[in-house]
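There are 2 protein chains.
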Amino acid sequence: MAIEIERKFLVVGEAWRRGATVKPIEQGYLFSSPMVSARIRLVDGTATLTLKGERAGLARDEFEYAIPIADARDLMRLSQHPPIVKLRHEVVYAGKLWEVDEFTGRHAGLVIAEIELDHADEVFERPSWLGQEVTHDRRYRNSALIASGIPGEQAA
Amino acid sequence: MAIEIERKFLVVGEAWRRGATVKPIEQGYLFSSPMVSARIRLVDGTATLTLKGERAGLARDEFEYAIPIADARDLMRLSQHPPIVKLRHEVVYAGKLWEVDEFTGRHAGLVIAEIELDHADEVFERPSWLGQEVTHDRRYRNSALIASGIPGEQAA
Numbered sequence: 001m002a003i004e005i006e007r008k009f010l011v012v013g014e015a016w017r018r019g020a021t022v023k024p025i026e027q028g029y030l031f032s033s034p035m036v037s038a039r040i041r042l043v044d045g046t047a048t049l050t051l052k053g054e055r056a057g058l059a060r061d062e063f064e065y066a067i068p069i070a071d072a073r074d075l076m077r078l079s080q081h082p083p084i085v086k087l088r089h090e091v092v093y094a095g096k097l098w099e100v101d102e103f104t105g106r107h108a109g110l111v112i113a114e115i116e117l118d119h120a121d122e123v124f125e126r127p128s129w130l131g132q133e134v135t136h137d138r139r140y141r142n143s144a145l146i147a148s149g150i151p152g153e154q155a156a
Numbered sequence: 001m002a003i004e005i006e007r008k009f010l011v012v013g014e015a016w017r018r019g020a021t022v023k024p025i026e027q028g029y030l031f032s033s034p035m036v037s038a039r040i041r042l043v044d045g046t047a048t049l050t051l052k053g054e055r056a057g058l059a060r061d062e063f064e065y066a067i068p069i070a071d072a073r074d075l076m077r078l079s080q081h082p083p084i085v086k087l088r089h090e091v092v093y094a095g096k097l098w099e100v101d102e103f104t105g106r107h108a109g110l111v112i113a114e115i116e117l118d119h120a121d122e123v124f125e126r127p128s129w130l131g132q133e134v135t136h137d138r139r140y141r142n143s144a145l146i147a148s149g150i151p152g153e154q155a156a
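Protein chains in written order, with full-length UniProt numbering: chain A, 1 to 156; chain B, 1 to 156.
The set of hints was computed from the structure by calculation and includes no laboratory data. Hints are supplied without guarantee of correctness; some may be wrong.
Derived CB-CB ranges, DEER-like [as the list claims (entries may be wrong)]: (1) B:Arg88 - A:Val92: 49 to 59 Å; (2) B:Pro82 - A:Tyr65: 21 to 31 Å; (3) A:Val123 - B:Thr48: 21 to 31 Å; (4) A:Ala120 - B:Ala70: 41 to 51 Å; (5) A:Pro34 - B:Gly109: 52 to 62 Å; (6) B:Phe124 - A:Pro151: 10 to 20 Å; (7) A:Pro34 - B:Arg88: 53 to 63 Å; (8) B:Phe124 - A:Arg139: 26 to 36 Å.
The beta carbon of each residue, even a glycine, is placed where N, CA and C say it ideally should be.
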């Protein structure tokens, strides 16, 4: 088990694209509740199953297992909603790694940056393209986004 | 992925105990819905995570992964309900393997026998200790039992 401490922000403009590396990610949720979620993810020709549990504050328990790709495809079909497809850009700023997720499909237009921290009150430099913080806004969790469109937008 | 086809029966009397081998099983559910469940199981010093999806009739999709025992312990704590503890007896009758689960703790008194079939209409010999069939009674699923006492009994 790992404990995940991260902060999440909306992204402004395009300056973050410079020097970023990119890979496509496809992910679905077998199950998601306020207490626990089970994520199926396909990236770089590998598949993982990740269980996340709720914790106080910024931290969540995270359990990740490699699974066969064929299983991941079958499990995606057991999911309630069609998968999220996004491009993950990795951007290094002031010595820290930012993961900038550019959503596609029904979430096109949404861009979210995440930074993983060693402890909850760690100080880090903010790039100019960082917008509003959404760490505590559950609507921006992938497990919530998959069931809805972009928060604040009217569903089609 | 495996497809599981099984039939389940209540058990009458004690005759099934003769010649049975036994091992204790501890299991919890990280989540459970009519469509999908995630089971954590500890047996014989090993731990597994099993995802089961709903299918038509007797069959269910089943995905099973070995996980570290420490993870299983942590995941049990993320479960909504305390684990089920039962003794699994393996009984061979007329060339077929029966798994007879004798529940303990808050389910003490409940004994359920299961047989795994190759196809849904497979014919098998019925031992004399077989009681009412409960294959299609969702209350006897372990994922349902964990949230309740024995079906038909008043909760304490």
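Evaluated hints:
Hint check: B:Arg88 to A:Val92, Cβ distance near 52 Å, so the stated range 49 to 59 Å holds. In this structure, B:Pro82 and A:Tyr65 meet the distance hint of 21 to 31 Å, their C-beta atoms being roughly 24 Å apart. Checked against the hint of 21 to 31 Å, the pair A:Val123 and B:Thr48 fails, with Cβ atoms roughly 42 Å apart. Judged by the Cβ atoms, the range 41 to 51 Å given for A:Ala120 and B:Ala70 is violated: they are separated by roughly 24 Å.
For the hinted restraint 52 to 62 Å between A:Pro34 and B:Gly109, the CB-CB distance of approximately 35 Å leaves it violated. Roughly 54 Å separates the CB atoms of B:Phe124 and A:Pro151, a value that falls outside the hinted 10 to 20 Å. Restraint check, A:Pro34 to B:Arg88: a C-beta distance of roughly 33 Å breaks the suggested window 53 to 63 Å. For B:Phe124 paired with A:Arg139, a C-beta distance near 52 Å fails the hint of 26 to 36 Å.
Hints 3, 4, 5, 6, 7, 8 from the list above are not met by this structure, while the remaining hints are.
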